[in-house]
Amino acid sequence: MKAVYRTNNNAMNNIKHDRMDYHVTEQDLLEYEGLSIFNSEHLKYLRWSDEDESFRILNYFEIPKNNHNNPNNHNDEGVEIPTTLSVEEEIKLRKVRGWIYFKESKKLLNQSMPYPVEWDTEETVDIPSWMTDASTLSFLSMEGTLLRMFYHNEKWYLSTNKKLDAFQSRWSSRFTFGNMFTHALGGIFKDSVDNNRLSSFGESLDKSRIYAFLIRSNQENRVVCRSPSHTSPKNKIIYLGWWNKEQQFSFSVQEDDDQSSTMSSLKELSLPSMSPYVFKDGDKEKLFEWIENNVNIWEHQGLLFFNTSTMQTVRIVPKEYRYFSTLRGNHPNLFLRYFEIRQKKEDVVRFCELYEKQAHIFDDYEHALFQAAKQLGQMYVYRYIKDKYMTLPKEEYYLLKKCHEWYLQDRAKNRVHTRTILELLNGESPIVLFRLSRKYLPTRNPNPNERHLQGHNAFPVLNNNNNNNNLCTSPSFPTHSGKSYADMLLSVNSSPTKVEEQVVIAESKQEVDNTHEEKEYI
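Letter by letter, the sequence shown follows residues 1 to 522 of UniProt numbering.
No wet-lab data here; the hints were simulated from the structure.
Keep in mind that a hint or two might mislead.
[Stated by the list, open to error] Computed Cβ-Cβ distance ranges for the label pairs, DEER-style:
(1) I37 x S204: 35 to 43 Å
(2) W171 x E299: 16 to 24 Å
(3) E255 x N426: 50 to 58 Å
(4) P332 x S86: 30 to 38 Å
Every residue gets a Cβ at the ideal spot worked out from N, C-alpha and C, and that includes glycine.
Turn these sequences into a full structure, and let the hints guide you.
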C-alpha cells in the first residue's frame, strides 16, 4: 500500500489584499480633470490606488523594464507591450503622484508633489537651468513619508500619496503613518493620549488649506538614514507648507508671521533644513563633490532641489547612499529582503552593517534554516524509510518531494542528509526559505519590536537527539559572527549522523502519489 501525503490547509495563512488597485480607463481620461493630457498608451502606468465615499487617489506606477512576467506588460491576447517611454512622457507621468479627486464631480482637489528625479554623484547628467533659478530652493533631503492634512465634511483627513487614510497605511513597521504622526504630536504638545488628537491639532489650522508634512522614518521603516527617535519629538514632523484652492504651494520656509493668523500649532513644528551649499554658478563637478564629501548618509539622503514655480524636483545623493538604498530595496519586509540578497557575501556584510540592530535576527533565521534542514532529514527518514503517513504544509511537502526526486536520479551517488538538503534549499526562492525558516525560529520572549517575527515548529521533532547547541548556517553565507559555513559545519559534524547514514543507504519502498499533492495557496 502506498503512503499518501496529506496536506494541512491550516498550516499557512492566505494573504488577502483588501486594497483598491486598478487601472484608469479611457473614459476616465475624458471625465476627470487634468487627465486629457494623457492617451491610451499611458493607461497601463496610471492606477487608482484608493477611494472612499468622497474621494479617489490617482498614482503613476512604474513598470519594471524587461519584466516579462508582469501582467501589466501584456495586452488581452497576452502579447508583450513595449514599456519604453520618451523622456517627455516619463516626466509628464511622474507628476501624477497622489492626485486626489472628488468622486462625484471628478474635479481635482490636490496634485501633491511630483516624484523627484534622483541622481547619484557618479552619474553623467546635464544640470537643468531651473536648478540655478531664483525660484529654486535647495534642502538637505530627509527620509520620511509625505502626509497631507485637509478638511472635508466636518472632519480632518490625514492622507499619504497612495492612501486617503494614513491610519490605514504602513510600510515595514507595526505603526501606521497616522499613528506615527499623532504620537509625535503628543510628544510635541505634551498632551495625554487622545483619540481626537488630529482634530485638536486642526483647530488652529485654516480649513481652506491643504497642509503638507513629512513624518520622519522610525527605527522600523528607515531605509538608510538613522531615525530621529533619540531626539526631540519636534524633529519627527517637518512642516513643509500648504496649498491654496488654486493649487499654489507656499513653502513654510518662505512664510512670515504676517502671512497667516493660524500658525500657532505649526510654529511648534520643525521646518526643512536649508542646504548650506549655495548652487548658483551651475558647476556640476563642485556640487557633486560637495555632496559626496559633506552629506552624512546616516542623517540625510543628499540635497533636494525644488522649483517653486514649476514644481520640478531633483534629488542628488552620494554614491554610498544609492548603494545602500538599492541594497535595501523597496520591500516592506526587511527579513524577506535579507533572503533575497543572502547568497552575495559582500551584500550581506553591508546589509548587517546597515541594520546592525537586526543582525542577530538574521543569524537566528540562518540557524532556523539549519534546524529546518535537520528536521527535513528526519521527515525524509520517517516518510521514505519507515513508510509512515505524514501531514505536511506546502513548503515541506515540496522540498521532501524534491529531495527524493534528486535521490532517485542516482541512488548510488546521491545521498540525502543535512548538508545536501541545505544545498538544495539554497536553490529555492527567497519566499520559500523565509516561510520555512520562520517555523523554526528559536522560541524566546521577543522584544516587542520583534514579536511579529516569532515563529513556531509546525511538527513534533522526530527522533531529535541532536545537541541543541549545534549552530550552523547555510553554504556560502558569512554569518554575522564571521564564521564560514565550512568552519561551522566541521565544528558540528565531520560525518553524517546515524540517521543520515540510514537515508544514504535506504531506498524508498514507495513513489510519491502525485494524485494527492496539496492545493496551491493564493
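Okay, the hints, checked on the actual structure:
no.	hint	result
1	I37 x S204: 35 to 43 Å	38 Å, holds
2	W171 x E299: 16 to 24 Å	20 Å, holds
3	E255 x N426: 50 to 58 Å	57 Å, holds
4	P332 x S86: 30 to 38 Å	32 Å, holds
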